[in-house]
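Residue numbers (our numbering), protein chains in the order written: chain P, 176 to 589; chain D, 176 to 589.
A portion of the hints provided could be inaccurate.
Only pairs whose alpha carbons sit at most 25 Å apart, straight line, appear in this in silico PhoX-like list of lysine-lysine [unchecked claim]:
| id | chain 1 | residue 1 | chain 2 | residue 2 |
| --- | --- | --- | --- | --- |
| 1 | D | Lys408 | D | Lys466 |
| 2 | D | Lys323 | D | Lys284 |
| 3 | D | Lys457 | D | Lys444 |
| 4 | P | Lys457 | P | Lys444 |
| 5 | P | Lys466 | P | Lys444 |
| 6 | D | Lys284 | P | Lys530 |
| 7 | D | Lys457 | P | Lys284 |
| 8 | P | Lys284 | D | Lys530 |
| 9 | P | Lys466 | P | Lys408 |
To be clear, the hints were calculated from the coordinates, so they are not data collected in a lab.
Protein chains: 2
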Amino acid sequence: MLELNRIGEAARSAAFSLANASTAGKNRALAAIADSLVEHSPAILAANALDVEAGRQAGLSPSMVDRLSLTDARVRAMAEGVRDVMRLPDPVGRVLAGSTLDCGLQMEKIAVPLGVVGIIYEARPNVTSDAAAICLKSGNACVLRGGKEALNSNVEIARAMRAALISSGFDENCISLIEDPSREVAAAFMRLNRYVDCLIPRGGAGLIRSVIENATIPVIETGVGNCHAYVEKTADIEMAANVVFNAKTSRPSVCNALETLLVDEEIAKTALPAIAARLREKSVEIRGCEKTRAILPEAVPATEADYETEFLDYILAVKVVSGFDEAIRHIRRYSSRHSEAILTRDLAAARRFTKEIDSAAVYVNASTRFTDGGVFGLGAEIGISTQKLHARGPMGLEAMVSYKYVLYGDGQVR
Amino acid sequence: MLELNRIGEAARSAAFSLANASTAGKNRALAAIADSLVEHSPAILAANALDVEAGRQAGLSPSMVDRLSLTDARVRAMAEGVRDVMRLPDPVGRVLAGSTLDCGLQMEKIAVPLGVVGIIYEARPNVTSDAAAICLKSGNACVLRGGKEALNSNVEIARAMRAALISSGFDENCISLIEDPSREVAAAFMRLNRYVDCLIPRGGAGLIRSVIENATIPVIETGVGNCHAYVEKTADIEMAANVVFNAKTSRPSVCNALETLLVDEEIAKTALPAIAARLREKSVEIRGCEKTRAILPEAVPATEADYETEFLDYILAVKVVSGFDEAIRHIRRYSSRHSEAILTRDLAAARRFTKEIDSAAVYVNASTRFTDGGVFGLGAEIGISTQKLHARGPMGLEAMVSYKYVLYGDGQVR
């Protein structure tokens, strides 16, 4: 834990100087980081080969091995990602509000970095450069703790980035990596309030739950998306089938993919077969309630757990609802408040859905798959918040800052 | 715990309807609450008399008994506080941003309530109505858990408010009080993520620490103010003495009161005696470093702990620093990042201090005592955040909302 405290203290110190770095200086450092990643590509790939080999031997699933694996093209894409962040506007230093108080004090509310941001993530080495770049651009020092399966890769990626920080005149501790893979160190990291201002977990439901359970540092909960689409009784059936097909199958492994479909009883007999026909193209397994199964005999019986599950797979839970009220009740009960959609031609239904559904993104006649920092125009995304404090939905650079009040006077007392 | 779950579930349900209540409707409810508090004043005062008597017998300090005690005038002041909140602008429903995405989706980012807000506080019955009014105006259901010493008072205050909710057509569960004073229930409350969106502790350092340690719900840390003033070498000594006197003695028990004074070595020999002369008017105890004691022989030797302590009393820790760098280092190390001030006539010093000190409020030539929601023009204050996530410094109604993205399309898929 001594090492952890040393990392924390060094990060805090780096954060103080980074907070006032100029935009041009930060951009220079980001350009140097991108170049350094490409330069260090051979070392990164060699380290990654060790991780991939160990992962295969440990029996990682093919999709996990794929996420873990780097190629020269992937390293170049990481570098390009850093350059993309470089080109975004600097969120720090903006005057958000200002006024002269009655007592004559001149007050400004100014955007400042969060300080030290901790990122806890799984075995995806690209997150290492991605998160570091977003933190650096927003003036935050970061302390990274990636999955142990990617440790060798992450060490080399961090080394390349830290070398670039030094060469561009920055404190290398603006980016730190926790190299001890033990659970004890991870647990202590989540309680390092003295040095870390905020913790962002990126990964699956288990990781996020563990951070929420154990952290005393303020956490931004991200990621779990139990997303719903409700086909209201006036829906355009062809549009509904198309949107449901896209939301479920265009990329089932991501958090904005559709997990549960609700269909109004009045339209179910025509809508469900049309939707099921599209889903069959991708062999989607349908787990349905009894009414669904009466219409779609091929559907597997749905359990309570199915409505609670983020499948991240070619599986869709389906429920026929008696009307709007039941749809709202179901979503309120099971949703992780990430993204939900209604398919409807009725204006009042659309307005009611957008008001009464309390999720980060609420869609009318569109796929839930659009919930994404890039699509929303935020440029880069550090994650998708499913909590309501601080930031909600896709988090770009503006989610990485806080503010302070600066007040000038001439001796005012109260 | 069954009762706690019942309260949480009822609050969640009330929050869904309250989220879309009109401003006029919420104002009507607030007016009814204010009237109801006055009407129920006899019952509230009778209940409060029981609490005060029990508190005296349990040996509460006179200042705690004073905070606990209500009079008819104090109940009327509580009602007036509710009316003040009623007159503030509604933070809900504002369109914070909007655009048409490339794919044609029309996107709006809309301010929405946090949902269910938990407030954990100590034996101050006025917080019960104060917090409830701020939550209601901002569209949030609240679950209140006050100090057990004020339980009888809080039960009557909550009863008066809930009666007013019903009479104005609102769900009474928009305001709930946890009546079980046990620690187990408090601990379970802090982990009621399923029903509560955010937790705000209001009280002393011990309460706040306990909430941060135990909560899994997102917390807004409030209150602890280890505030510093730095008398830079060019300071106007008379102004410095006046500001320090005000910051320390105008109300020592509050979080924006001064706790540590730093004085530049170059000016200490003249500044310290002038400041000490003012502080003597209020018999302030000075705990000083060796250099301070060489100038002020009456000063008690300061320990490391003194620089870490929020005295909330007529005690001031004093340190003579070798210059700007040491002042910054000291503040960064010991400050709770609430409020700090510099006294200076030098523009570069003022600018450096406001940039390099990372606290919620940073003052140039003014008392730290100004850090307050009312003074900052926020109208009402639910607390002063000392964290950087979500809200920082005094939190008014705007700190009580989140946002959601609403997107209208015509069949867009990704």
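Results for each hint:
Taking the CA atoms of lysine 408 of chain D and lysine 466 of chain D, the gap is near 16 Å; set against the 25 Å cutoff, the hint holds. Between the alpha carbons of lysine 323 of chain D and lysine 284 of chain D the distance comes to roughly 41 Å, so the proposed pair goes past 25 Å and is violated. Restraint check for lysine 457 of chain D and lysine 444 of chain D: satisfied, since their Cα atoms lie roughly 22 Å apart, inside the 25 Å limit. With a C-alpha separation of about 22 Å, the suggested pair lysine 457 of chain P and lysine 444 of chain P falls inside the 25 Å cut-off, and the hint holds.
Using a Cα cut-off of 25 Å, the hinted pair lysine 466 of chain P and lysine 444 of chain P holds, with the two alpha carbons roughly 10 Å apart. Under the criterion of a C-alpha separation no larger than 25 Å, the hint pairing lysine 284 of chain D with lysine 530 of chain P is consistent with the structure, at around 12 Å. As the CA atoms of lysine 457 of chain D and lysine 284 of chain P are separated by approximately 34 Å, the hinted pair breaks the 25 Å bound. A distance of roughly 12 Å separates the Cα atoms of lysine 284 of chain P and lysine 530 of chain D; the hinted pair therefore holds under the 25 Å criterion.
In summary, the hint linking lysine 466 of chain P to lysine 408 of chain P is supported, as the alpha carbons are separated by about 16 Å, within the 25 Å threshold.
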